[in-house]
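Okay, here's what each chain looks like letter by letter:
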Amino acid sequence: GESVGLHLPTLSVQEGDNSIINCAYSNSASDYFIWYKQESGKGPQFIIDIRSNMDKRQGQRVTVLLNKTVKHLSLQIAATQPGDSAVYFCVMIYNQGGKLIFGQGTELSVKP
Amino acid sequence: EPEVTQTPSHQVTQMGQEVILRCVPISNHLYFYWYRQILGQKVEFLVSFYNNEISEKSEIFDDQFSVERPDGSNFTLKIRSTKLEDSAMYFCASSGGGGRQPQHFGDGTRLSIL
Numbered sequence: 001g002e003s004v005g006l007h008l009p010t011l012s013v014q015e016g017d018n019s020i021i022n023c024a025y026s027n028s029a030s031d032y033f034i035w036y037k038q039e040s041g042k043g044p045q046f047i048i049d050i051r052s053n054m055d056k057r058q059g060q061r062v063t064v065l066l067n068k069t070v071k072h073l074s075l076q077i078a079a080t081q082p083g084d085s086a087v088y089f090c091v092m093i094y095n096q097g098g099k100l101i102f103g104q105g106t107e108l109s110v111k112p
Numbered sequence: 001e002p003e004v005t006q007t008p009s010h011q012v013t014q015m016g017q018e019v020i021l022r023c024v025p026i027s028n029h030l031y032f033y034w035y036r037q038i039l040g041q042k043v044e045f046l047v048s049f050y051n052n053e054i055s056e057k058s059e060i061f062d063d064q065f066s067v068e069r070p071d072g073s074n075f076t077l078k079i080r081s082t083k084l085e086d087s088a089m090y091f092c093a094s095s096g097g098g099g100r101q102p103q104h105f106g107d108g109t110r111l112s113i114l
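Line order of the protein sequences matches chains Y and F. 1 is the number of the first residue of the first sequence in the working numbering; add one for each residue after it. 1 is the number of the first residue of the second sequence in the working numbering; add one for each residue after it.
For the record, the hints were derived by calculation from the structure and aren't laboratory data. Hints are supplied without guarantee of correctness; some may be wrong.
Said to hold, decoys possible - Chain F side only, calculated, beta carbon under 7 Å to chain Y, not exhaustive:
no., residue
1, HIS29
2, TYR31
3, LYS42
4, PHE45
5, SER48
6, GLU53
7, SER55
8, GLU56
9, PHE91
10, GLY96
11, GLY98
12, GLY99
13, PHE105
14, GLY106
15, GLY108
Cβ coordinates follow ideal geometry from the N, Cα and C atoms, glycine included.
Starting from the given sequences, assemble the full structure and let the hints guide the process.
Written out as structure tokens, the structure reads:
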């Protein structure tokens, strides 16, 4: 079946450093990807999305890169802050109806 | 900023009892979803709902599950006869554009089956 997987279950960075969270997906027909952030006790929070006709998209302090050739997605967070500590999910939209396929998530810890 | 709200935040129910989880999606959204997350596992799709009918459902969403939009603002998930394995966080989400726009999630209902 369809799947997305993150490369590392945990990532620890120093405050102020840049963070990179990686993700691989299985379905080359997927054309829409979303990164969500989940803090403890809360629901997934939308961070940024990208469509397959793009290679890169930037938001506030975040950048998503999409490499369709190797079916790889990454989320870069600039100047990581303690408030960025959370579990990050790379999510694939499965079809026009919007079914989301979640990966396992990467837990980002930011050390002061 | 508009948000999805879910009630209750925590529901404790005896096995075999019926439970209804409630959600108020973002007001101008047309696509509604339920997901669940068993402790320590990834978020799993349960069902999508559009135009007053189910668009898609997963294998988890068996005959014990149902969804309803009883009025213009609420979206509910009912489990008719709960099982121990139904214990999980249940998230409601809504979207303005199906597979073309991001879904916005509520903070979930923690369902504990005793």
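Verification of the supplied hints:
1. For HIS29 (chain F), the suggested interface contact is broken, since its CB lies about 11 Å from the closest CB of chain Y, more than 7 Å.
2. The closest approach between the C-beta of TYR31 (chain F) and any C-beta of chain Y is roughly 6 Å, which is under the 7 Å cut-off, so the hint is satisfied.
3. Proximity of LYS42 (chain F) to chain Y holds as hinted, the smallest CB-CB distance being about 5 Å (cut-off 7 Å).
4. Against a cut-off of 7 Å between C-beta atoms, the interface hint on PHE45 (chain F) holds, since the closest Cβ of chain Y lies about 5 Å away.
5. Because the closest C-beta pair between SER48 (chain F) and chain Y is about 5 Å apart, less than 7 Å, the hint holds.
6. Taking 7 Å as the C-beta contact cut-off toward chain Y, the hint placing GLU53 (chain F) at the interface is violated, the least distance being around 11 Å.
7. Because the beta carbon of SER55 (chain F) sits about 4 Å from the nearest beta carbon in chain Y, less than 7 Å, this interface hint is met.
8. Taking 7 Å as the C-beta cut-off, the interface hint given for GLU56 (chain F) holds, the closest approach to chain Y being about 5 Å.
9. With 7 Å as the threshold, the beta carbon of PHE91 (chain F) comes within range of chain Y, its nearest partner Cβ sitting at about 5 Å, so the hint holds.
10. Checking GLY96 (chain F) against chain Y by beta carbon gives a least distance of about 10 Å; that is not within 7 Å, so the hint is violated.
11. Here the hint on GLY98 (chain F) is kept, as its CB sits about 5 Å from the closest CB of chain Y, short of 7 Å.
12. A cut of 7 Å between beta carbons decides the hint on GLY99 (chain F): the least distance to chain Y is about 4 Å, and the hint holds.
13. Against a cut-off of 7 Å between C-beta atoms, the interface hint on PHE105 (chain F) holds, since the closest Cβ of chain Y lies about 4 Å away.
14. For GLY106 (chain F), the shortest C-beta to C-beta distance to chain Y is roughly 5 Å, which falls under 7 Å, so the interface hint holds.
15. Interface hint status for GLY108 (chain F): upheld, as the beta-carbon distance to the closest one in chain Y is roughly 5 Å, under 7 Å.
Checked against the numbered hints given earlier, the structure breaks hints 1, 6 and 10 and satisfies all the rest.
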